[in-house]
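Chemist: Build out the structure end to end from the sequences listed, making use of the hints.
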Amino acid sequence: MREKKEILLKVEHLCQYFKMGRAELKAVDDVSFDIKKGEVFGLVGESGCGKTTTGRSIIKLYDITSGNIVFKGIRIGAGKRSYQNAIRAAKKEYAEKIAAAGESEKARLKAELAEFVAGQQKEIKAAQYDQKRCDKEYAQKQIAFLKEKYLPEIEKAEGTAKAELQKKYRAELAKAKKTRLTTQIQMIFQDPIASLDPRMTVREIIAEGLIIQGEKNKEVIDRKVYEMLELVGLVREHAGRYPHEFSGGQRQRIGVARAIIMNPDLIIADEPVSALDVSIQAQVINLLNELRHKMGLTILFVAHDLSVVKYFSDRIGVMYFGRMVELADSDELFAHPMHPYTRSLLSAIPLPDPEYEKQRKRINYVPLRDHDYSKELPAMREVVPGHFVMCNQEEFDRYQQQLKESQSE
Amino acid sequence: MEKKLQVRDLTISFRTTDGKVQAVRGINFDLNRGETLAIVGESGSGKSVTSKAILGILAGNSIIEGGEIIYDGKDLLKISEEEFHTIRGDKIAMIFQDPMSSLNPIVKIGRQLTEAMILKGKARQRESRKNFNSYIAMLEKRMIEANEPKTAERAAEIKKKCKDFDTFEREHLKLENSYNVAHEAALDACSDLDELIFEISKNAAKDMNERVKRVLGLAAESVSEYVVKEDAPKLTALIGEAKQTLSASKKNPDTALLGKKLSEIRDILTKALALKQPNFLALGYYTAFAKEPLPKLPVEQLNAALRKYLDEHYMLDFIRDAKQALMFSADASYREKEKVIGLLKKYRGVYEKEQLDKKECLETCKLLSAEVEKSIDQMEISKDSVAYTFSAGLKSEIEKYFEAIGNNEREEKRFAKRQAKYQAKIAKGREPEGVPAPASVIDLELVRADMLRQIDRLSAHYEAKLAVRKERDFDAETIAVIDYLKANASGVVNKVTKRKAKNRAIKLMEEVGIPEARRRYNQYPFEFSGGMRQRIVIAIALAADPDILICDEPTTALDVTIQSQILELINGIKEKKKLSVIFITHDLGVVANMADRIAVMYAGKIVEYGTAADIFYESAHPYTWALLSSMPDLDTNDKLDAIPGTPPNMIYPPEGDAFAARNKYAMKIDFVRQPPMFQISDSHYAATWLLHPDAPKVDRPKGITDRIARMKERGKQDA
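Quick note, the sequences are listed as chains A and B, same order. For this note's numbering, count along the first sequence from 1 and bump the result up by 63. For this note's numbering, count along the second sequence from 1 and bump the result up by 44.
There may be inaccurate statements among the hints.
Result set (EDC-like, lysine to aspartate or glutamate): computed pairs, CA atoms no more than 16 Å apart in a straight line [stated by the list, open to error]:
no., chain 1, residue 1, chain 2, residue 2
1, A, K421, B, E612
2, B, K135, B, E415
3, A, K424, B, E612
4, A, K89, A, D126
5, B, K246, A, D435
6, B, K287, B, E254
7, A, K421, B, E415
8, B, K760, A, E418
9, A, K357, A, E290
10, A, K287, A, E308
11, B, K620, B, E184
12, A, K238, A, E290
13, A, K421, B, D640
14, B, K439, B, E415
15, B, K246, A, E439
16, B, K683, A, E353
17, B, K397, B, E489
18, B, K205, B, E184
19, B, K546, B, E184
20, A, K68, A, D328
21, B, K246, A, D433
22, B, K756, A, E418
23, B, K367, B, E415
24, B, K760, A, E420
25, B, K383, B, E415
26, A, K100, A, E439
27, B, K257, B, D238
28, B, K509, B, D640
29, B, K756, A, D328
30, A, K185, A, D198
31, A, K421, B, D53
Where chain A lies over chain B, by a calculated footprint (3+ residues, C-beta under 8 Å) [unchecked claim]:
no., stretch
32, 379-388
33, 569-575
34, 579-588
35, 623-637
Okay, the calculated beta carbon distance ranges per label pair [unchecked claim]:
no., chain 1, residue 1, chain 2, residue 2, range
36, A, E186, B, N615, 48 to 58 Å
37, A, Q184, B, T299, 53 to 63 Å
38, B, E254, A, Q422, 39 to 49 Å
39, A, E75, B, T299, 30 to 40 Å
40, A, E75, B, T61, 53 to 63 Å
The set of hints was computed from the structure by calculation and includes no laboratory data. Ideal placement from N, C-alpha and C gives every residue a C-beta, glycine not left out.
Modeler: Shown next, in the form of structure tokens:
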């Protein structure tokens with residue numbers, strides 16, 4: 064049933080720590096997931112659990128602490144903490160070994176350690192390079208591609224055709240130099256009032272990305288802006304107005320237009336409907352849904368309203384205190400929630416049904432009571448294909464048992 | 045059902061540079077005691093404005109065009125700001141939408157929570173002392189007056205009785221207070237211990253040393269005469285041992301041993317908490333006046349014995365005397381009331397004359413006021429608001445009348461002058477700017493009618509009182525009097541100290557689900573996340589023990605788990621304190637959980653009004669349908685039915701139904717005339733022409749009917 068689709072974004076062991084005085088705040092701790100092309104991946108959890116930080120780390124608003132972010136097969140973000148830790152651990156381990164070993168052994172162990180450290184340091188360098196230079200690398204690739212495409216043609220052509228080709232080649236080259244891989248990831252922000260510059264007209268706001276990217280032709284810009292406006296359900300006349308002249312829903316549409324004008328492959332929608340009225344919420348969700356089918360967008364949808372996430376997402380990841388605790392297809396997740404936190408989260412959803420609401424019992428999640436991790440620490444395990452839960456072996460067996468029972472019923 | 049709040053024809057608009065925005069257009073609703081009324085609508089529908097009007101905090105550019113909000117016999121739109129001080133925050137509290145802006149950023153959370161408590165505590169103490177002293181003095185006077193035969197001995201006896209009441213009441217409260225402190229400490233210690241022991245057993249206690257110390261402190265506090273008495277030496281020893289275990293090695297205390305000690309302490313406290321509470325009133329009397337030591341008896345028998353002692357020596361006599369005094373006072377006041385009715389009839393003519401005489405009017409008013417004053421039974425605990433407000437009301441109407449005479453003349457003169465100028469300009473052939481504003485003349489007859497209404501209302505009220513004269517239950521009233529005295533005495537004795545306020549604040553913080561409340565108490569608002577801040581706001585609102593709680597989108601900014609917790613919290617407090625709640629939101633899912641009744645608002649009007657079941661299962665207004673179908677639930681897979689367009693500009697409110705432009709069921713009449721409220725059932729009303737008998741039959745949208753069918757099915761499965 065599950066189709067094999069191209070993986071667009073791969074997040075591996077992402078860690079994002081913030082300094083808080085001497086201590087460190089583990090906002091995101093060892094989160095891994097991948098997003099396939101064309102799907103909507105929902106990220107839910109309570110406020111402060113790191114879902115927004117995850118989104119922002121992906122779009123490189125932060126330098127990640129550890130882990131890899133791979134977009135379209137290219138590593139766009141990498142952290143070095145894991146390698147540093149490995150070096151530290153190795154040094155400690157070898158120090159013990161060396162102390163215990165004989166003379167002849169010592170030299171060999173030292174060499175081994177040096178080799179290991181050098182290897183890890185190379186990895187760190189690579190990570191740093193990728194973190195900083197991935198965009199330039201990408202630009203150079205684009206330039207090389209253009210050269211390969213145009214230069215032979217230019218040589219072949221003659222006269223006016225040659226001049227025209229050269230002009231076109233130069234324009235595209237200028238654009239390619241400024242091309243950034245990360246512009247193919249765009250973000251829609253939570254608060255449509257705060258995320259639009261009040262002193263820019265809608266046209267300026269929407270076109271800003273294009274201009275930065277090197278588009279100079281005014282006609283092209285205007286055409287694209289109008290196109291986007293119409294796509295998101297506004298009209299051309301709106302382009303000359305300022306954000307304060309719009310209602311909340313319209314402002315959020317402007318935010319969407321600004322994101323999609325870059326023709327992105329991935330949109331990170333950070334609580335795009337939380338600040339909106341119910342009726343307008345529906346308008347924006349319908350819009351995103353339409354765009355998704357029309358433009359083949361992939362969306363990382365961060366939200367806390369579970370009914371909306373369920374309605375909109377193909378797969379859902381549940382986060383708790385910086386960790387991913389459960390990840391599954393959205394229907395599967397709602398039909399068979401396994402992790403106690405997910406259960407507690409689902410039990411808290413209010414529904415427009417007074418009778419049901421009277422009976423609804425919220426389940427409390429108390430990590431200490433619900434888990435016994437004294438013997439074995441939890442890890443992500445695949446309980447059924449495509450359904451991952453953070454658990455240890457004992458819980459894993461229990462979950463599978465539960466699943467079998469519920470299916471046999 | 046007791047009606048707490050009545051809103052009638054409330055109309056509010058705002059003056060803006062572009063014109064008058066009509067925010068609320070004639071809404072009506074009632075709020076009963078202990079029920080939740082939800083007001084649902086989009087932003088700009090006037091729901092927040094309504095709630096602000098109830099709280100008297102409308103913006104400066106607002107105009108209250110009409111209507112009334114009646115709370116506790118008063119119209120909140122007309123009372124003075126000073127009077128509002130005793131209601132706002134105290135009787136009617138509000139939880140605001142935006143926790144960022146409703147907390148003071150430069151004051152610590154703890155201070156913000158306790159500020160009102162301490163201020164109010166002081167005021168209450170003053171007030172209680174005044175009430176207690178004046179009432180007991182009055183009671184004494186009446187008791188002596190009512191006493192037959194009047195002998196000096198009896199009078200002295202009565203005087204002594206009243207003095208004794210004061211003395212032993214203080215003694216009683218002192219005892220009860222010390223008991224309460226110890227009992228509460230034991231309760232707190234127990235709940236803390238449960239948590240701590242659990243965490244220690246799991247080896248995951250945070251800040252263990254500090255918490256253990258605090259718990260031990262609480263446990264030590266619980267040692268008192270009536271809580272932990274017999275086990276006190278054992279408990280003290282245990283506390284010492286636990287402290288030793290803790291201090292033996294600061295880094296790695298022996299948790300197993302510590303856990304054991306703590307469990308033992310918990311057992312002692314639990315046992316102590318299970319004890320029955322002694323009767324402190326009787327105990328207070330006994331310790332204050334009996335010369336003998338307390339008899340050694342189990343609590344129940346002791347209670348009975350003490351009660352008997354109190355009754356025989358004091359209470360029965362006191363009650364008899366007090367009842368006599370009450371009856372005496374009531375009789376006197378009934379005689380006065382009859383007199384007042386006569387006087388009112390006699391002098392009514394003064395205000396009916398063609399030409400009112402100012403002097404005569406004021407003098408009569410003075411005379412009547414004095415008589416009415418006499419006719420008020422001071423011994424009654426519940427104040428008779430009609431009688432109390434009579435003289436002030438009549439006087440202000442008389443003044444208004446005679447002021448209006450002069451004003452009207454001036455106005456008319458001014459208008460005549462302007463009009464003359466205007467006509468002159470026109471005669472000259474020029475075009476004047478604008479028309480002269482018409483004279484704003486006050487209708488004297490209306491003012492006179494108000495005067496007469498004051499008089500008629502009072503005589504009707506007194507006649508009604510006289511009619512039920514025979515049915516008064518003086519026994520119950522005597523008990524109420526004693527309770528009133530007791531309550532005031534406790535108001536005097538129970539001082540709200542900083543420490544008490546802090547403890548209460550921390551309790552409130554824990555109640556609203558803030559972990560580590562003790563540490564959080566000393567933090568600033570910016571150190572809290574949005575959800576936590578909202579909880580603080582709720583705690584502040586609840587600190588005053590309000591009658592009515594207005595929640596203006598309290599959970600819109602919060603995520604589901606916290607939202608659910610906060611709603612449970614509000615619901616729980618509502619049940620416990622019989623609170624009336626007005627819950628404002630745009631999220632219908634939240635409403636289903638909370639509301640007993642729902643009012644759906646659109647463009648300043650209530651378009652549908654009914655119980656939760658009416659609105660969710662039988663909704664009749666297209667706007668309610670649209671709201672319901674625009675939100676996805678867990679089973680929605682189809683495209684959402686968004687409401688097209690935006691709400692109308694309320695500077696130019698549409699002529700017909702305001703929702704017509706966005707309504708796919710709109711008929712021609714919807715654009716021309718506003719629909720009236722159609723009654724669907726006893727509790728369910730909707731303002732839509734679709735309910736008119738001549739309207740075509742329209743079915744609810746499929747999305748909603750499907751959803752209701754699904755709900756019913758689920759209900760069957762659960763049952």
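Chemist: Determine for every hint whether it applies to the structure shown.
Modeler: Outcome of the hint check:
Annotation: proposed proximity of K421 of chain A to E612 of chain B holds, straight-line Cα distance about 11 Å (limit 16 Å). Taking the CA atoms of K135 of chain B and E415 of chain B, the gap is about 33 Å. The hint is violated against a cut of 16 Å. At roughly 10 Å between alpha-carbon atoms, K424 of chain A and E612 of chain B fall within 16 Å of each other, so this suggested pair holds. Of the pairs offered as hints, the one joining K89 of chain A and D126 of chain A holds, with about 14 Å between alpha carbons and a cut-off of 16 Å not exceeded.
With a C-alpha separation of about 9 Å, the suggested pair K246 of chain B and D435 of chain A falls inside the 16 Å cut-off, and the hint holds. Note on K287 of chain B and E254 of chain B: the hinted pairing holds, with a Cα-Cα distance of about 11 Å set against a maximum of 16 Å. A distance of roughly 56 Å separates the Cα atoms of K421 of chain A and E415 of chain B; the hinted pair therefore is violated under the 16 Å criterion. A C-alpha spacing of about 11 Å is found between K760 of chain B and E418 of chain A, which places the hinted pair at or below 16 Å, so the restraint holds.
Taking the CA atoms of K357 of chain A and E290 of chain A, the gap is near 13 Å; set against the 16 Å cutoff, the hint holds. Taking the CA atoms of K287 of chain A and E308 of chain A, the gap is near 22 Å; set against the 16 Å cutoff, the hint is violated. A distance of roughly 38 Å separates the Cα atoms of K620 of chain B and E184 of chain B; the hinted pair therefore is violated under the 16 Å criterion. This hinted pair does not check out: K238 of chain A and E290 of chain A have alpha carbons roughly 21 Å apart, beyond 16 Å.
Simply put, K421 of chain A and D640 of chain B have alpha-carbon atoms about 11 Å apart, close enough for the 16 Å limit, and the pair holds. A hinted pair counts as satisfied when its Cα atoms are at most 16 Å apart, and K439 of chain B with E415 of chain B qualifies at roughly 15 Å. Distance hint between K246 of chain B and E439 of chain A is fulfilled; the C-alpha atoms sit about 14 Å from each other, no more than 16 Å. A hinted pair counts as satisfied when its Cα atoms are at most 16 Å apart, and K683 of chain B with E353 of chain A qualifies at roughly 10 Å.
With a C-alpha separation of about 11 Å, the suggested pairing of K397 of chain B with E489 of chain B holds against the 16 Å cut-off. A hinted pair counts as satisfied when its Cα atoms are at most 16 Å apart, and K205 of chain B with E184 of chain B qualifies at roughly 9 Å. For the suggested pair K546 of chain B and E184 of chain B, the alpha carbons sit about 39 Å apart, so the restraint of at most 16 Å is broken. For the hint linking K68 of chain A to D328 of chain A, the alpha-carbon distance of about 14 Å falls within 16 Å, and the restraint holds.
Our distance criterion of 16 Å between C-alpha atoms is met by K246 of chain B and D433 of chain A, whose separation comes to about 12 Å. Taking the CA atoms of K756 of chain B and E418 of chain A, the gap is about 9 Å. The hint holds against a cut of 16 Å. The suggested pairing of K367 of chain B with E415 of chain B is violated, with an alpha-carbon distance near 25 Å, which exceeds 16 Å. Between the alpha carbons of K760 of chain B and E420 of chain A the distance comes to roughly 14 Å, so the proposed pair stays at or under 16 Å and holds.
For a cut-off of 16 Å, the pair hint linking K383 of chain B to E415 of chain B stands: about 8 Å separates their Cα positions. Restraint check for K100 of chain A and E439 of chain A: not satisfied, since their Cα atoms lie roughly 36 Å apart, outside the 16 Å limit. A hinted pair counts as satisfied when its Cα atoms are at most 16 Å apart, and K257 of chain B with D238 of chain B qualifies at roughly 15 Å. Among the hinted pairs, K509 of chain B with D640 of chain B is inconsistent with the structure: their alpha-carbon atoms are about 35 Å apart, more than 16 Å.
Of the pairs offered as hints, the one joining K756 of chain B and D328 of chain A is violated, with about 42 Å between alpha carbons and a cut-off of 16 Å exceeded. For the given pair, K185 of chain A sits about 20 Å from D198 of chain A by alpha-carbon distance, which is inconsistent with the 16 Å threshold. For the given pair, K421 of chain A sits about 33 Å from D53 of chain B by alpha-carbon distance, which is inconsistent with the 16 Å threshold. Under a criterion of three residues with beta carbons nearer than 8 Å to beta carbons of chain A, the stated coverage of the stretch 379-388 of chain B fails, only 0 such residues being counted.
Under a criterion of three residues with beta carbons nearer than 8 Å to beta carbons of chain A, the stated coverage of the stretch 569-575 of chain B is upheld, 3 such residues being counted. Check on the stretch 579-588 of chain B: 0 of its residues sit with their Cβ under 8 Å from a Cβ of chain A, so the three-residue criterion for coverage is violated. As drawn, the stretch 623-637 of chain B meets chain A at 8 residues by the rule of a beta-carbon pair under 8 Å; at three or more, the given contact holds. Separation of E186 of chain A from N615 of chain B is about 55 Å and conforms to the stated range, judged on CB atoms against 48 to 58 Å.
A beta carbon spacing of about 42 Å between Q184 of chain A and T299 of chain B contradicts the range 53 to 63 Å that was offered as a hint. E254 of chain B and Q422 of chain A have their C-beta atoms about 41 Å apart, which keeps the hinted 39 to 49 Å range intact. Take E75 of chain A and T299 of chain B: their Cβ atoms lie about 39 Å apart, and the range 30 to 40 Å holds. E75 of chain A and T61 of chain B have their C-beta atoms about 57 Å apart, which keeps the hinted 53 to 63 Å range intact.
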